Amino acid sequence: MSFLSIDNLKVDYVTDDGIVHALNGVSLELVQGETLGLVGETGAGKTTMAKCIMGILPKRTGKIRSGEITFEEKNLLKCSEKELQSIRGAQIAMIFQDPMTSLNPVLTVGEQIAEAVENHERCGKARAMERAEEMLELVGIPAERVHEYPHQFSGGMKQRVVIAIALACNPKMLIADEPTTALDVTIQAQVLEMMQSLKRQLNTSMLLITHDLGVVAQNCDRVAVIYAGEIVEYGTVMDVFKRMKHPYTQGLFSSIPQINADVKRLNSIPGLMLDPTLDVEGCRFCDRCKYATEECRINHPELVEIESGHSVRCFQKK
Amino acid sequence: MSLTNNDTLLQVNNLKKYFPTPHGLLYAVDNVSFNINKGDTLGVVGESGCGKSTLGRSILRLHEPTAGEVIFEGKNILSLNHAQMKHMRKDMQLIFQDPYESLNPRMTVSQAIQAPMLIQGMYKSKDKAALEKRTLEMMDMVGLARRLVNSYPHELDGGRRQRIGIARALALKPKFIVCDEPVSALDVSIQAQVLNLLQDLQEQLGLTYMFITHDLSVVKHLSTQIMVMYLGQTVEIGSPDQLFHNPCHPYTKALLSAIPIPDPEIKMERIQLKGEITSPINVGPGCRFAKRCVYAKPECHERSCEMTEVESGHKVACFMVKDMM
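Protein chains in written order, with our numbering: chain A, 1 to 318; chain B, 1001 to 1325.
Extracted from the complex, chain A is given alone in its bound form (with noise of 0.2 Å):
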């Protein structure tokens, strides 16, 4: 049973230079307690994605065109934004990407975890600080350090603070954008590991963007690969990552020097990300792609399942 999914999302930004198409009919289903890997690299369209659902999208540049996110039987597209606040924090929370500058450094880590209990649970400030302090022990901090500012904490630190404000209010479901790409990698393992055993403790979904091919493998259930604002393939870990049909996502494992493996020379995928103020009618990825042909320039394909639960979005499914 899917309990959030997105049904053709089409995104654009306004922007001086043009019409920015920054997701392009994007459909996905979460289900209850499984992590969603989400991949691609630099404006693909992740983040847009994210800010979707958490209704947190730029309201002058950002236009969501059509397309629907339900929750729980409830369009979130549709919410006010009273409804959107019940809902954001205490059933759907969202951890950024850089620990750094999330958190307000003029304010006590305990204080903003309590500031997001308090405003869901409707409990006194001393409740909500009495939880901060389980939040902090639950993360792996001291619950002595909840009088201490964020610049007080390291890098990791401060991830599992942003954590345990995600998690204050045992929501149903995390988005993570790139938890880990700014810690080092042995502080990522423990951040990693911590969010998973969370995670089952408290039986929540996750959605975690991230473009490291390698996190996505030994965290997630189910992968989609998303290039220039498109699912380009969809599927379980397994099939991503041992039966992988795009060539986007070939190109994309050839691309990474990988540790078990001595590789002499890496393949790249040649030329950049299609400018996506164009709009194309072919393939998106036809002009990086070494077995396109006239039919990828002329039409563009559809996502189709090609095994159970495996879908790929190109003609020629290499």
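Careful, some of the hints might be misleading.
To be verified - In the DSS-like style, the derived pairs of lysine-lysine whose C-alpha atoms are separated by at most 25 Å in a straight line are:
| # | chain 1 | residue 1 | chain 2 | residue 2 |
| --- | --- | --- | --- | --- |
| 1 | B | 1090 | B | 1075 |
| 2 | A | 63 | A | 78 |
| 3 | B | 1124 | B | 1175 |
| 4 | B | 1038 | B | 1175 |
| 5 | B | 1267 | B | 1253 |
| 6 | B | 1253 | B | 1322 |
| 7 | B | 1124 | B | 1173 |
| 8 | B | 1253 | B | 1291 |
| 9 | B | 1038 | A | 264 |
| 10 | A | 74 | A | 59 |
| 11 | A | 199 | B | 1267 |
| 12 | A | 264 | B | 1175 |
| 13 | B | 1291 | A | 199 |
| 14 | B | 1291 | B | 1016 |
| 15 | B | 1267 | A | 242 |
Stated by the list, open to error - Here are some of the chain A residues that sit facing chain B, going by a computed Cβ distance under 10 Å:
| # | residue |
| --- | --- |
| 16 | 106 |
| 17 | 107 |
| 18 | 108 |
| 19 | 112 |
| 20 | 185 |
| 21 | 219 |
| 22 | 264 |
Simulated from the structure, these hints should not be mistaken for lab results. Source: prediction; values computed, not measured. Glycine included, C-beta positions come from ideal geometry on N, C-alpha and C.
Chain A is already provided as a structure; the job is to place chain B on it using the hints.
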């Protein structure tokens, strides 16, 4: 990949760089020694704050080292005066980490590439034709389309900007290049393009690299020798094979086990590290990793361990390993 030539190009002996801070001395680089042979690549890995960038900059004297020797082609460059050092810099160049911040936004691609050649007097600004010819050659060499010659950095993406950085470094025909995280700001598909370029240029021009990165898979891919640093000190040095198949230092082991492997069939068996990197200010005696090390013995907290050779070319600074031999 490398030229098998056994001459040492660069030898670093007991290099130290301490920074004074209001709270005491910061031991950024502490007693680091290594050799790099001509045509080889030394990969330097470690987590943020371990002193790897300071090491690279100290070798080029962008930071004046506190003590030690940097011997380049038999000459101790730390004893050179300003004019001699300027001349020396032709042979030793740096590629910076962030192509978004290391280029002057007001200089076009051609101006940026020409600047080092003019400063070093390779060309006079009068020799316009020769200078322009050389600029276009450099652009061809690093794979920048000639039509971009008058573009400004803000018009270009990260991969292209980093190519400008590489062209600038190569314009002086250096022998040795310090690459300080040259691909960490780039997307994976672009990262591969730049790594391949660096590899090709090394083969064509017989360059020697010191490649600083936090990404162990990148280092494994490129290096002939890898050095692992922790809080200003070398903990292990060896060939990629030795380091990846027979890591000896507990920190190297933990670091390797923490890399997420992009294969869902391989489950990671992670070695838990306690805590986080400690402060490099006023470090006490003993092994700097001891506080996080699961094998630490009382001895580890009291005195530091020298680098000990465990097999040919593979050195480790750890009592545990020393005792086992």
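Classify the hint on residue 219 of chain A as holds or violated, based on whether any CB of chain B lies nearer than 10 Å to its CB.
-> holds (8 Å)
Restraint check for residue 1124 of chain B with residue 1173 of chain B, where alpha carbons must lie at most 25 Å apart | With a Cα-Cα distance of about 17 Å, the restraint between residue 1124 of chain B and residue 1173 of chain B holds, given a limit of 25 Å.
Taking only the CA atoms, is the gap from residue 1291 of chain B to residue 199 of chain A under or equal to 25 Å?
-> Violated, because 30 Å separates the two Cα atoms, which is more than 25 Å.
Given the proposed pairing of residue 1267 of chain B with residue 242 of chain A, does the C-alpha separation stay at or below 25 Å?
-> holds (15 Å)
Using Cβ atoms only, decide whether residue 264 of chain A comes closer than 10 Å to chain B, and label the hint accordingly.
-> holds (7 Å)
Would you mind confirming whether the straight-line C-alpha gap from residue 1253 of chain B to residue 1291 of chain B stays at or under 25 Å?
-> holds (16 Å)
Against chain B, with CB atoms and a cut of 10 Å, does the hint on residue 185 of chain A hold up?
-> Result: holds, 4 Å to nearest chain B Cβ.
Have a go at the residue 112 of chain A hint: is there a Cβ in chain B nearer than 10 Å to its own Cβ?
-> violated (21 Å)
Assess, step by step, whether the Cα of residue 1038 of chain B is no farther than 25 Å from the Cα of residue 264 of chain A, and give holds or violated.
-> Judged against 25 Å, a Cα distance of about 20 Å means the pair holds.
Residue 1291 of chain B paired with residue 1016 of chain B [C-alpha distance capped at 25 Å] | holds (23 Å)
Does the structure keep residue 74 of chain A and residue 59 of chain A at a Cα separation of 25 Å or less?
-> holds (21 Å)
Pair hint outcome, residue 1267 of chain B versus residue 1253 of chain B [Cα-Cα no greater than 25 Å] = holds (16 Å)
In this structure, the earlier hints numbered 13, 16, 17, 18, 19 are contradicted, and the remaining ones agree with it.
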